[in-house]
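Sequences are here, hints too, so could you generate the full structure?
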Amino acid sequence: MPVYTCTYVQGSLTPDVKDELAAGITTIHSDMNHVPPDYVNVVLAEMPPENVHVGGRPGTPLLINGWARRGHPQDGTTRLALALAEAASRTSGIPREHVMVVILDSPARSAVEAGRVLPDPGHEAEWLAEGRAGA
Amino acid sequence: MPVYTCTYVQGSLTPDVKDELAAGITTIHSDMNHVPPDYVNVVLAEMPPENVHVGGRPGTPLLINGWARRGHPQDGTTRLALALAEAASRTSGIPREHVMVVILDSPARSAVEAGRVLPDPGHEAEWLAEGRAGA
Amino acid sequence: MPVYTCTYVQGSLTPDVKDELAAGITTIHSDMNHVPPDYVNVVLAEMPPENVHVGGRPGTPLLINGWARRGHPQDGTTRLALALAEAASRTSGIPREHVMVVILDSPARSAVEAGRVLPDPGHEAEWLAEGRAGA
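Residue numbers (the working numbering), protein chains in the order written: chain A, 1 to 135; chain B, 1001 to 1135; chain C, 2001 to 2135.
For the record, the hints were derived by calculation from the structure and aren't laboratory data. For every residue, glycine included, the Cβ atom is placed at its ideal position computed from N, Cα and C. Treat the hints with caution; some may be incorrect.
[Said to hold, decoys possible] Computed from the model, here is a short list of chain B residues facing chain A with C-beta under 10 Å: (1) LEU1044; (2) PRO1048; (3) ASN1065; (4) ALA1081; (5) VAL1099.
What follows is the structure, encoded as C-alpha cells:
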C-alpha cells in the first residue's frame, strides 16, 4: 500500500546497503502501519552528483519520501518517520544530519492496488481477506 | 494541470507501450477531470531492476503517482484511480496485482502553470479563456 | 526542510543553468518561507526525451514539485509558487507556458530531518536553536 522513494547520489550507497535499506523500510512500515510486507514498495532513485543540491550547492543527502493512506493517527506517523530516519542513517552510514524523511498522505479512496480501492486505516484485514476470496 | 509519474523497471515496457500508456493516462484524465489533453503531463521514470523493491525484494510493479488539484469530488477521484489502474494493466501487460495508482492533491492555489495560478475544479473554462485572451 | 524536484528532458538545461536553477529555488524558498538555505534540498531529475509527455506526445516541460510543511498561509504559498515559476522560466529559458510548479504539503510532524521532527511554520527559530544546543 505505501510507496517509498529514496533519493541519493550515485555511489553513496553500495548494492548491499541498497538492499538492506529497502528491507529495513519494508519491515518498519509493515510493523508500525499494519500492512503485510508484500504490499510495501520501495524505489531507489539514484542521481548524478551534480543533480542533488543542498543549500544551493551539490550535496549528498538521503531523502526519503513516503506515501501512506490518510487516517493513521498523527502520533504513529511521527514515530514512523523517526524510526525510518534512524534506520536509514544507521544502515547507510549517511549522518543523520543529512537524512530527511517526509510522509505524504491522501485518502485511501484515492488509491488503487491489485485492481481494488485501498481500505481506510484499520480495515486492512477485511480488504486482504476479500482479495484472497476473489483470487 | 495534472502531473503523473509512472515508475517501473527498465525493459518492462516497450517504447510502443510507453507511448500508449502516456496517451491512455492523458485521455482518461482529460475526459474524467475536465482538463484539455495539452495540460496533462506524464513522466515515465525507468529504474534499474535492483532499484525497485516490493516486500523487501526486487520486484516489477508499475507505480503510478498522480497529482491533481484539490476539490474534485472524492467519488470522481476514486473512479479516476480505478480507470487508470485498469488501463495501465491492460496496456502494459503487467498484471493488475502489480499495478498501483495513487492520486495526491493540493490546493489549486498552490500550483502555477503557464505563469498563472491554477483554477479550482469547476472553473477550468474561465481560466482557459483568460489564457487565450492574454496570449 | 523543503524538498524540490525539477523534472525535465535531458539536454534542455546546461550544467550552468542547472546550478543557477537550484540556487534560485533555494534563495526564493529560504527568503519567503523563513528557512535557512542549508535546509533547502533540490533534486534535478533528468529524463530521456521519449519519457516526458505533454498532451499525450513527447514534450519539453519543466515540472517543479515541492514539498513544504503544512501550515504556511495559503497566500504565501501562492506567491511562492508564482515566484518559483517566474524564476525557473527566466533562468532556464523554457517558456513560461511550459513551466509548472506544484507545492505539496503534509504536517511538519510527519517529517524528520537531522534526527528531529520538523517544527510547525512559525517555530523555526526555536527548532534551529535546539539543534545548535544539542550538537
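- What are the numbers of the hints the structure violates, in ascending order? 1
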